[in-house]
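Given the coordinates of chain A, work out where chain B should sit on it, guided by the hints.
Okay, here's what each chain looks like letter by letter:
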Amino acid sequence: MKIRFRFDRGEELKYIGHLDVMRLFERAFKRAEIPVTHSQGFNPRPHIVFAQPMALGLSSEGEFADVELDEDYEPYDFIERLNSALPAGVRVTDAKKVKNGKNIMAIVEAARYRIDFGLVPEKNIDGVISEVLNRDRIIVLKKTKSGEKEFDIRPLIYELTGGRNGGDSYFFNVLLAAGQENNVRPELFITGVETCTNSDIEILRMHRIMLYGRAGDRWLPLDDGKFL
Amino acid sequence: MRIRLDDKILMNVEKPARYTGGEWNMVVKDPENVDVRFAFCFPDVYEVGMSHLGMKILYHVLNKRSDTYCERVFAPWADMEKIMRERGIPLFALETKDPVKEFDIVGFTLQYEMCYTNVLNMLDLAGIPLLAEERGKNHPFVIAGGPCACNPEPLADFIDFFVIGEGEEVILEIIDAYKEWKNSGSGRTEFLRMAAKIPGVYVPSFYKVTYNEDNTISGIKPVYPGIPEKVRKRIIKDMDAVDFPEDIVVPFIGTVHDRIMLEMFRGCIRGCRFCQAGFIYRPVREKSPGVLLKQAKGSIEKTGYEEISLVSLSTSDYSCLADFTEELLKLTEERKINLSLPSLRIDNFTIDLMEKAQKVRKSGLTFAPEAGTQRLRDVINKGITEEDMENSLRIAFEGGWNNVKLYFMVGLPTETEEDIAGIADLAKKAVDIYYRIPKEKRAKGLNVTVSTSCFVPKPFTPFQWFGQNTVEEFHKKQMYLKDKLSKVSRAITYNWHDARVSFLEAVFARGDRRVGRVLLRAWRNGCRFDAWNEFFKYDAWMQAFEEEGIDPAFYANRTRDYGEILPWSHIDMGVSQKFLQRECEKAYKGIVTPNCRIQCTGCGSAVFGAGICKTVSAGGNTP
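Going down the list, the sequences are from chains A and B. Counting along the first sequence from 1, when you hit position 115 you're at 115 in the UniProt record's numbering, and nothing is skipped either side. Counting along the second sequence from 1, when you hit position 180 you're at 180 in the UniProt record's numbering, and nothing is skipped either side.
In isolation and in its complexed conformation, chain B is listed as follows:
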């Protein structure tokens, strides 16, 4: 059954091209001629999903196989969902318009916690039972991966199995196993058993979680012999050898990142203690400049994009940045392609680079000091000093920028009123630095934007035990800062995040299996697109917690003991519990940890024997 979308539907929804497919480089195959049909689902709207590099990579890796057809599926926007429900149109894939229910494997990528209700909504729209245990012979297997899968427990009841870590290799092993299972004609559980043998695959139904009287976890144990006690994440050891798509799908409508994304390296040497990505993507593995240039050239030719952007957690940390960007600039200038360089530390070299790379209107430069005082920046191991900040700001203003954004977090561990006041002091410093520059040398019209997000403690970070501030505490801090900033200068604009969203993020980032019931209830109460302001229904969420008898503060605001069994304790992301504990202790003492290139800190990722862990002389496991 193929879904037919006509004018009556498409002319009545916002951005109908979200649902029509047919983009340049879309993969066209005859579904009759493949063994495995894979629906790659992104639980957000088209423009967000199409901006995601991981999806592009896996789409390509899967479609390179002649026995598999991977298609794309996005969450329909509310207007389209309404029409689909009214007319009984099931969730369909963009390539063939076939219902998702008819696929063999339905895979979700989990990029942020606030997309979880969209996962449920998409399953429901597809007509697939939400609970894994209710799926039968004729239903697809529902799998999930992505950064949020490092704590898979909140979705454990809904997902047949999770893929932990990087997907390029393990997804192929899953397809192989699936084909073998399909030919064998055995039951659903048999495939799960086969999958569970693949390193990096976690089948939640094969584990039993028991609880103490105080609601903490007493144990997470496999229920069958032969199921691993701990599931270790998968990584790609050699970034030069792994497949990278040059012929990515080029959307017709504008997307969030509508450009070539050239991935320079995975992982981060810095180890900022609040940053989950900095720990779960370890170790740092770079691509060599030659490979990157080849991929850049190929991507330009095959997509026709007018912009290319470098992707990594910290562009400045690429080993041969100067030589590489020089070569890349030759390539882009000749072809009139813009080069965008996000995540750069601002110094004279990078300002020069930015000016050469893109004829930028000198409006927006972003700095992320994260905390207002040096003491707190040391606590979070941000690794920049007051002097670095001042220099960067001066260089930026002297370079003709007049619009800077400063990003901070509130609610970090050990934060005091002084630290919040420090944010205002730093903003004032920025204003002062600007006015100290002679009038004729600076651009007119200073604009300093201060943004604060609310700190969300995440699994596999040194702050994973930390009790998040309450919504009220966040609010108090935001108002305190607002008041301070209003007295500094009219050139300052202050934006702050909705603490209620961060509170829910904290619940689902560190939730156990029991919060799955809340997800289900919240979805039934009408929650979806929770990451979008206009859809966020806090009251419906609070009602869901109440109805399920689950206290969100237990998950968000409670500080755990080091000894507590955490919901993700059976997942092994490489970084050891001991290391995280050590880092947490150092944080409380304000002791900084050097970056991976200066010294190995023995985080545990050396077990992968890849990237920087092979090249930097190991300091062993000593603190």
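Isolated chain A, as found in the complex:
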């Protein structure tokens, strides 16, 4: 059977990379004695697929993964067992059975982030937001396998709001393209904002709120019934 589970990763665990997250879950499944189906052949691999890699430094409350199991589990039981084997800082918050065969990585099309940052004193947050949204194009340099490439991220910024945290810190709530087709990492978005506003922005914290798939003209979270 296949289970789609949602998990979050707190501050204490955000300093590890995607491969480390994968390994962490593989070992947690072993400790929890939840039998994950393995691939056949020479080098059997556990069937766990993560919706979207997690960059080092990113905390989150909206991560998803699919796992194929040799036995049937009730989602409630699954959550309990897995959480008992996970270290502090990562926690499974929901689990649902999946019938749909579609690869979870192919469903992801957008991600919502909260980015906390310090702004140069003379800038005003509303002005910054309208400056970004009023642009037709925002060209940034993106690193690719063959060097750096110019890249227009404006069409990939789907929503943008923001405000002041108090003190000298501000936040964006931004919906960015994510997934296999187009992917804008929060750092790249901030580079875009810097380009638009001709300023230096200090990122204080990056947090992923949710991953979405598209259903018609609506964004739905990955564990929505439409995708299961």
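Just so you know, not all the hints are guaranteed correct.
[What the hints assert, rightly or not] If we take Cβ atoms under 7 Å as the criterion, some of the chain B residues that face chain A in the derived model are:
id: 1; residue: 11
id: 2; residue: 24
id: 3; residue: 252
Worth flagging that the hints you see were computed from the coordinates, not collected in a lab. Ideal placement from N, C-alpha and C gives every residue a C-beta, glycine not left out.
Coordinates of chain B only, in the frame set by chain A:
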């Protein structure tokens, strides 16, 4: 004071998870509720330290006590050290992030000589005076153990006391004594006096070393009555009864050995004359298969690791290897766990075992003939013949391996040009054996890697008196071999070690108290992480020797007389001076010594009355 590490620090260093802790099975205690806080320091980076079994064992043994909290401390990498120094962040422990300076006991494990400057650097980062004599009432006690502590003298000025031998039992006695001392309210020296009474504890400040005019040692004597003339190492007599951690800390980031390490036995029956481990861990003491299986099962359940590796100095020498591995394989196959079997002699049985154990990509097999000719292999008592080598290689190639590594040493006692040429001959033999196998039966693309290290004479080995080759001699030999090998086959790759590192290793392996000054100076000259190529600063080291007026060749390249008082002569590792001398003489004559199971050679370790010394009929002390 708890250290706060935020994004501004952690997002600017390589592998920030080195500094954040919180791993699965990390021990969490309230420091307020313990009597003794112990900082276990590994003088290298996290990934190296977390791969070390000894640290895992002692972390567990100490934390089993409710009155003690043992935390882990590693050397920060250069990027982190820079930030720490800029911001005045002191060295902290991973569990609580509390400064190391606030702990009661700060313990270092000494696994290799080239970590000594890291010990100094960590003390400095902690804000603890480097010199033991400068520490006062409010400073922790700095202690050290591990294999390098068998010659503690180079670090004698920096360490309050050393633990000689295996730590599981003695560390608990030290904690007990510490608690008693803490309650008594007496002075720092009083605790050292109490510690010195514990067998296996060596307090360097209680010994006076005197020197002859030629710079050799004239005496090492205790300065107070009641301090032992010789400190004998501690061993664990019953390996089945001693605590072994099943719930080891599982790191988030990849480490050098990121797997369960199942310790099968301590010691080695072989007695290869260059190998310090083969002498200082005597006698051989095995764990019984039942205990091992239980520990394997427990470790698998408590860690979730996907791999388990057998740990010993020579896996093939385990008494019931066949039965044991059969049972272990049942356990691992069912749970989809890889079993890795290092230190195996290659024969049909072990090839079969390796194939069953791990779905290995048949790429790497390692052989360690150590020397190129049978004559020299007899000198070092390696105990393998040309025929063994040929058979192993043939079996490996027939088994589908096409990538073999051959490890050798250059600069061994009595070595001649012929012996170096022998390395090339052996490599050629490997190539020939491969091509003699019918094409359809062998894997395509042969790759033979020849690696040579530079021989470092170590204390408590039969070669402890031997003058190491000079850096120039090593270099000449490496180039000679490189030239020879290049003419053999294009399938051969040759790697060699930096002789300058081995030269320093030799100085600090056999150094006396005076080389401590060089360590201090070298550290001040910017030396740290000397075991890492990118940090090794040979010139800074040479400058340090010069500034301190100490000749490194006196320690590395000089051959000692049997009669000379060696810097470690007050340390008793069980093997007797007489035995080592006898072995040295036999080496020069090319006479091999049988292994401990065939015949007791009267090395002296029988004094411990443990393991193989109890079971093999003793040949007494006759040669």
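Quick rundown of the hints versus the structure:
1. 11: Residue 11(B) check passes; min Cβ-Cβ to chain A is 5 Å, inside 7 Å.
2. 24: holds (5 Å)
3. 252: holds (5 Å)
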